[in-house]
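**Student:** Sequence:
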Amino acid sequence: MIFISLFLNIISAAVSASGLPSFEAGAPMVVTAGNDVGWQVASPEDARAAFQERGELRCGPEKMRAHWEKHGPRYTEHGVTAFEPYVKWMLLEPEEGVWDPAFYDAEVAAFKEHGLKWVPFLIAGPAYATPPWFKESEESVFAVDLRTGHVTRDQSIWNPHLKARIRAWLERFFEHYDHKDMQAVLLGISGVFGESIYTAGGNVWTQIWDGEYPQHLGWWSGDAYAKADFVKAMREKYENVASLNKAWQTDWDSFDEMAPFVPDKSHTMRARLDLIRWYMGSMTDYAEWWVATTRELAPDVPILLCTGGSASSELGADMTAQSKMAARHGAGMRITNEASDYARNFHLTRIIGTACRHYETYFGYEPAGTVDTHGIVARIYNAVASGAWELFHYDNPPQGERGEQYKRYRGLMQIREPVIEVGFFWSRTSTDLNRQRGLEEAARAVRDMVDVAYIDEQLITDGALDGLKVFVWASGSLTEANTAQAIQRAVEKGLTLIVQEGWQAESPEGDTLFPSGLTTRPGNAGAIHIGDGAVIQSASPKAESVATLLAKVIQDPASFGVYGLSPETSIDAQPDNVYVTVTTRDILLYNRGDTAHTVTTPAKTVEVPANTIVSVPR
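Numbering of the sequence shown is given in this note's numbering, commencing with residue 738 and proceeding in unit increments.
If you're looking for bench data, these hints aren't it; they were derived computationally from the structure.
Here are the computed distance ranges between Cβ atoms for each label pair:
(1) 1243 - 835: 54 to 62 Å
(2) 839 - 885: 34 to 42 Å
(3) 1199 - 1340: 30 to 38 Å
(4) 917 - 1295: 55 to 63 Å
(5) 898 - 1343: 54 to 62 Å
(6) 835 - 916: 20 to 28 Å
(7) 1172 - 908: 40 to 48 Å
(8) 900 - 775: 29 to 37 Å
Calculated lysine-lysine pairs in the DSS-like style (CA-CA distance at most 27 Å, straight line):
(9) 969 - 1002
(10) 800 - 849
(11) 917 - 900
(12) 1002 - 964
(13) 1144 - 849
Glycine residues also receive a C-beta, built at the ideal position from the N, C-alpha and C atoms.
Work out the full structure: start from the sequences and follow the hints.
**Tutor:** Encoded structure:
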């Protein structure tokens, strides 16, 4: 993955002619602030009463205008380039066929007055953004949880009536507003808030117009249209029901008897995987309809698909698949799951960063939890060191000590191309089958030693192992045979594979896979040489043991008889809460600790103060 060409190169004639901005390394990053839900209503309680008593969905623009009159100059002073309002279907079309853009027109005028573009968060499908007239109509299909039977107020993504309504709404939106005023559009397609996930979470802001309703994590595929799609998908995968029964160890008489099910341990692993991959694939397909439709209507506007969560199966976001799909349409991703801790932010966001770089598209990061003052620095580092195009924050307006953090690092806000030589395996198969143990712990320990790319099965299929020197497989021993075979081929070509002691990989059917059978053999300083590469086992299955072994391989590759990393990438390699990222233009050092640290680079020795980012030119 060394020197992967960063972001959308705009090679095709269609994209080249679209007028999209540059996402190349060296181009400026953008900073988006939000949001406006507190201006749309007086308060959640008042808004609920106004809706129940008078049918009102929003208040006037006075509260919004007062904010911008008072705070407008603060945004550009702190590096903000655009503001993100929640553009809800129900506010633009409060009654069927009635168009009411007045509130958003006033917002756009305020943004422009203060030198900002906007990033409209276009939301349709979640309950808090879908018009009451549609939810009460015969076209409405609410999602149903398989486990509890609960019916949410969010629309099912399988609702056959929804796409035509959303397309008409999008057409009118893009006809009404000047595309040049948009830094990007963010697509809010599903879930409770708008991410490309299924219903989960929610709070008082999402319950204003519907009251309390089921918003919990679940398997939201219990409606009739979801069932029909599941049966269709299984028919397409299996030649006949006998083939399905053999794979699933079931005794169905016909496909028509089937329905989506909760993929628990009462089902075989293959049956569970088929259900989960259909469930997640359905979300990716629905997201692709949104992305493709938006690209058709707005060929000259960057598109960000909003996704979130921790990549659990129930949430339904296959982040690699979503990134790959978005790239096909010249679109990018926005992952919405950060908080204050850098190591956790890295773990939650890196699969998006890796996938978007690999598929050559743009991406941005957004917080979901509380971000303290030091957390602002952690978020800036994560975005810059990952090669992101966009940093989103909720400092509205940025001011005081928090605002000073954004000012302090304005000079760093350029797109970078990370140079990454170590990969970290995130087995999607193990995650889906609830066999992923210690993934985050291992990732945290490994990241403190060296920068890594997160790589799953799809990325391996698409060549993401090429160019890596070391690959760490520290969690999730279940994967598919073709993935293990691809890892073996990479090792034979020179890759160093680091695994836990006695690592036993296997398929969902229980077949042993590479490197099983090799991981108990002695070798050169613990290395088992295969072709031009090697498999090296840690002394114990603990995360710290895996990370310590990785550090030894980085510091003294000759003792293991393996290829070493570049001098810049080998910097640090010790558990000191100082993080290093090498890019094509500089070395980024981030000290998350409370005391200063000294780091020696090939060019010079640098002191990195506590909670500070330092850029060392290459």
